[in-house]
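So the sequences go chain by chain: A and B.
Everything in the first sequence is counted per numbering that gives the first Met the number 0, starting at 0 for the first residue and increasing by one.
Everything in the second sequence is counted per numbering that gives the first Met the number 0, starting at 0 for the first residue and increasing by one.
Incorrect hints may have been included.
No copy is singled out in the list; a pair is fine if it fits within one copy or between any two copies.
[Stated by the list, open to error] Distance condition first, Cα-Cα at most 27 Å in a straight line; then the derived BS3-like pairs of lysine-lysine:
#1 K90 <-> K109
#2 K136 <-> K50
#3 K109 <-> K136
#4 K90 <-> K136
I should point out that these hints are in silico values taken from the structure, not numbers from a laboratory.
In this text, all values refer to a predicted model and were calculated from it rather than measured experimentally.
There are 2 protein chains.
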Amino acid sequence: MNHRLHDRSANSLPEACPGLRMTPQRQEVYRVLMNRRDHPTANEVHSRVKKRLPNISLATVYNCLETLVDHGLIRQVNFERESSRYCPNVKEHGHFHDAASGAIHDVEFKPGVNLADFLDLPPGAVIEDIEITLRGKLAAS
Amino acid sequence: MNHRLHDRSANSLPEACPGLRMTPQRQEVYRVLMNRRDHPTANEVHSRVKKRLPNISLATVYNCLETLVDHGLIRQVNFERESSRYCPNVKEHGHFHDAASGAIHDVEFKPGVNLADFLDLPPGAVIEDIEITLRGKLAAS
DNA sequence: TCCTAGATTGGAATTATTCTTGATATTGGA
DNA sequence: TCCAATATCAAGAATAATTCCAATCTAGGA
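Could you put the whole structure together from the sequences, leaning on the hints where they help?
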């Protein structure tokens, strides 16, 4: 079975991530993100994690999130100047922010598309990271 | 002559923007942005503006920038959690952040492309604002 | 078991930005 | 022109997210 990162199920744990000591705090932070696959802030993660680890500090949640981001297990996303949010979907994707409901939807690239197909990149640019954020409304259809 | 916003020359002033009182502070903030067409932070704008208006406060620079953004004369752009930057290019575009030099390059859409051509948008989504940020390196060619 | 590196904690510190308040300036109308 | 209403400005205080720091704590290897 091929364990690509974004194929982890809600209960699988990244026990096999090299160089990462899987402490209870990190496991729980990771678990709550995989459980509800949404885009919580560090504060929201803290609230959720406290259900099982009542003594965990917000600083530790920040540390855990940073570590998980550094190891590529989750992604950090920023909307405007709001608090950072954390996203369990590590596949390359963008986000649609529904102004009415506040909901955030993942937006995938259509298969086979290439950045250079639609953007005038500076000559010689080697892209390492892409962030696409859309804001708008969902028409009540 | 067709004065589209993004066609203003460095010396033209937005004296004709409806509902906007063009105070010396706002004019100067606008001018320094149009002069060097880069992506300064509020602090950098403050430094530049102080050359001509030595008594202007940082709070006023923030106020002016916000007002100009609200009136669509400039754009506010955010990279990660860094300080906001302000961009005189109001045409729809993205940004390429060169990790090596720190330079920020505007990235235009190729003519005729449509968001829905390369992104799987949620059904019924009406896009009001797009933010595209690329990070990478410029290959020394 | 003991040691050590790394992890956790709580609180203090930092930093960008916003808010508050009083002073000042500008506008449109009498 | 003069006044009143309104908008803007300035300075510093306040806020909020995040990071830093110093003191434990813990797990895993020798």
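Status of each hint after checking the structure:
no. : hint          : result
1   : K90 <-> K109  : both (13 Å within a copy, 25 Å between copies)
2   : K136 <-> K50  : neither (34 Å within a copy, 43 Å between copies)
3   : K109 <-> K136 : both (21 Å within a copy, 25 Å between copies)
4   : K90 <-> K136  : both (24 Å within a copy, 21 Å between copies)
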